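Could you build the full structure based on these sequences and the hints that come with them?
There are 2 protein chains.
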Amino acid sequence: MKVVKFGGSSVASAGQIDKITKIIVSDASRRVIVVSAPGKRFSEDVKVTDLLIQLGESVRIGVDNEKAYQQILDRFEGIIRDLGLDQKVLEQVVKKINDSIFRIKQQDPSGLDALKSCGEDGSALIVSAYLNHEGYATSYVNPKEAGILVQDQPGGALVLDESFDHLYQLRKREEILVIPGFFGFTKEEKLVTFSRGGSDITGSIVAAGLKAELYENFTDVDSVYCVNPMLVDNPRQLTSLTYREMRELSYAGFSVFHDEALIPAFKQKIPVCIKNTNNPSAPGTMIVADLPEREHHVVGIASDNGFLNLYVSKYLMNREIGFGRRLLQILEDEEVSFEHAPSGIDDMSVIIREHQLPKQKEEIVIQRIKDELQVDMVLIEREMAMIMLVGEGMNQTVGIASSATSAFHKAGVNIEMINQGSSEVSMMFGVKTEGLAAAVQSLYRTFFD
Amino acid sequence: MKVVKFGGSSVASAGQIDKITKIIVSDASRRVIVVSAPGKRFSEDVKVTDLLIQLGESVRIGVDNEKAYQQILDRFEGIIRDLGLDQKVLEQVVKKINDSIFRIKQQDPSGLDALKSCGEDGSALIVSAYLNHEGYATSYVNPKEAGILVQDQPGGALVLDESFDHLYQLRKREEILVIPGFFGFTKEEKLVTFSRGGSDITGSIVAAGLKAELYENFTDVDSVYCVNPMLVDNPRQLTSLTYREMRELSYAGFSVFHDEALIPAFKQKIPVCIKNTNNPSAPGTMIVADLPEREHHVVGIASDNGFLNLYVSKYLMNREIGFGRRLLQILEDEEVSFEHAPSGIDDMSVIIREHQLPKQKEEIVIQRIKDELQVDMVLIEREMAMIMLVGEGMNQTVGIASSATSAFHKAGVNIEMINQGSSEVSMMFGVKTEGLAAAVQSLYRTFFD
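Heads up: the sequence lines are chains A and B, in that order.
The numbering of the first sequence is UniProt numbering, which starts it at 1 and goes up by one.
The numbering of the second sequence is UniProt numbering, which starts it at 1 and goes up by one.
Errors might be hidden in some of the hints.
Since the list gives no way to pick one copy over another, a pair counts as held whenever it fits inside one copy or between any two copies.
[To be verified] Heads up, simulated EDC-like pairs for lysine to aspartate or glutamate below, C-alpha to C-alpha not over 16 Å straight-line: (1) Lys-211 <-> Asp-376; (2) Lys-172 <-> Glu-295; (3) Lys-19 <-> Asp-233; (4) Lys-432 <-> Glu-381; (5) Lys-314 <-> Glu-424; (6) Lys-190 <-> Glu-424; (7) Lys-359 <-> Glu-381; (8) Lys-19 <-> Glu-189; (9) Lys-187 <-> Glu-162; (10) Lys-19 <-> Asp-45; (11) Lys-267 <-> Asp-376; (12) Lys-40 <-> Asp-27; (13) Lys-144 <-> Asp-165.
Calculated directly from the structure, the hints in this document are not laboratory data.
Bear in mind the structure is a predicted one, so any value in this text is a computation, not a measurement.
Next up, the structure:
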């Protein structure tokens, strides 16, 4: 059996839902379906989840937001009407939204997560109703019924291992099952969402639990590209990747897949296929545990901006046992998570995502570093970008670092940071944001042209 | 006034001491002299300090070591006899050695440090006696009299700031002063040695305290080479360097200077000149606070082996706030100091000097990492070497990383680790020890040929 996940653009309109229905029923092994919330129909459109978040934030601070509420209802109403479904489906969707708003007003701490989840939940109700309407026996299965149990960490839930056994029970069901993505429940039955883009996590968890032969992830691209297509025209498509490569690529700006989505599938060695709802006959990109060794070791170039460098220097730093640990402790106390910490003899840099260190937190952190570590200098350099080269076996191949650094040289972009030596599948470079596009383009020419 | 320091080979024999006496008296501003213990006269010779350490360790465990004791006395006796000095000088030297041995036998915890310091102390007694004998008014000044106060950290003393004011008082003295290097005293008058090679530290402290116009450091080479001459034949000599460059070079295998020796001189912006006792007319290498910008940004290649990589991987490591800090905490608890800690998404490497992690400690550390951090994998890779490119302004120069990595490529040596982004004066590469020489030679051809 196959577990199939459809992303936001695949359920954005009645036309798209009709397409995915044809995809589902064209293969009898496509038995368990996971859906996202309705996404964008055109580039200026707003995702239903974004509207739900806007609405929830307004309600939480006591402001009515009739406009967002109405936009959400209009989206669902339009889809249901165009699919020719019964009004009762709309009533179910609206009831869940209204119940969640009521809970937020009652100061119920899980109200916001419940409202955020209404996009996926609505999609699942609609898709299952439409499959039944088309004559295919189908059930909507709520994550609570499916047994998707998570830790209580709103907006960043981690799945509990026992979920997988619960999910395996779904194999007994004979009809098509449709499960909303993006959320699970704690043992105390509290609804908790995954981090943003978490429908991919649900899909991967469900595929792992059911021990699916294949997990198909339908999006709006034919395959995964080897580089961000916003930076390079018509980049090469990837026919196959390993899990590790995909995970490293997802980390730095590869938006096809959510950062941690693959872990559950990875652990069960379920193959994953990325396919296009709008072109289902294209072969897509297969992501698997192992691949035969390839001649070409760099398979992808990931890139992302929005990083900063917290730089600290102090004479005799390397004589001071515990210096690095105490610096990281200050960040941990202030709940700042860091990415990397390259160090010299008398200095240390900490690379942090900019949103982790807002202005007021920056002041506290800098003051604590000055007071507690008695450093000679501490400064923050913003507008940093990271570029990551990814490929199995890459770091054991003589000459990759040389080709990569000469690509930066040709682009006239200075390398501010190189972080290599831990991961065997990637090599990371830091540059100033202004040099990002030129560097990525030059790397593409070096490794793919 | 100038402070002049003579290394071990410059006081290894009567002939050498005669040479340095001529050097001292040839310039009236050479007023304060710091000396090391007698070093090697030929390559198989044993340094007096090594003999003293052997002797001390034997005595401490209750074993007589007549051989080492006699060798030490023979060295001093030979020098004193060949210089034609009075037997009383020998008696002074022997008395200090015997007193120290007695203190070790009495379980006096500072006895070992006292014995270790007898090499420098003997040199200072002999050099001052010989200068007087040659007709130049000279005094031996003990570090206690000079006011060199240190923290109580045997074998790794750190100087206390008030020492500099005490030393400044020595400017009032009119005769030549000879101070033994390598040790100071705590406020409780306990003798404590600096780390090995610590005569350079004494020289630098004395130059800083006296606000000398120049600190001359006499060794047995004409100048500092840009690369280890064991690896490259007749390498280029450096006429000038900045403090920061010298400090980074010293860190990784540049044995001319002791790692932290320059800090006190650096803080006072005292220029330092490295000269050759055996060729005092050669200009030597000047080390200064600032230099005009040079066209050639890489000034030196330092290299050292004896490192290991402690590699840890765990899925979702980057979601776990505090992971890196807790890993470093375990090392700190076990008193293992680390050099660098490059990290990936789900993995982290910690580069450690091999002697920091002996076998039994390795087992404890690995067990704690497994138990407390529940990692998926932890392993240790030994026989790693580090290569460091050093030069002011280097990291802001497009193309250096590219030239460097292509030098590794040409040598067929894989780069295991690159650590760049913290220091502005250096770029560090990790390789397997077997590739070290080839890589350094190729880098030399790239940047200096």
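**Request:** Quick one: which hint numbers does this structure break? Sort them smallest to largest.
**Result:** 1, 2, 3, 6, 8, 10, 12
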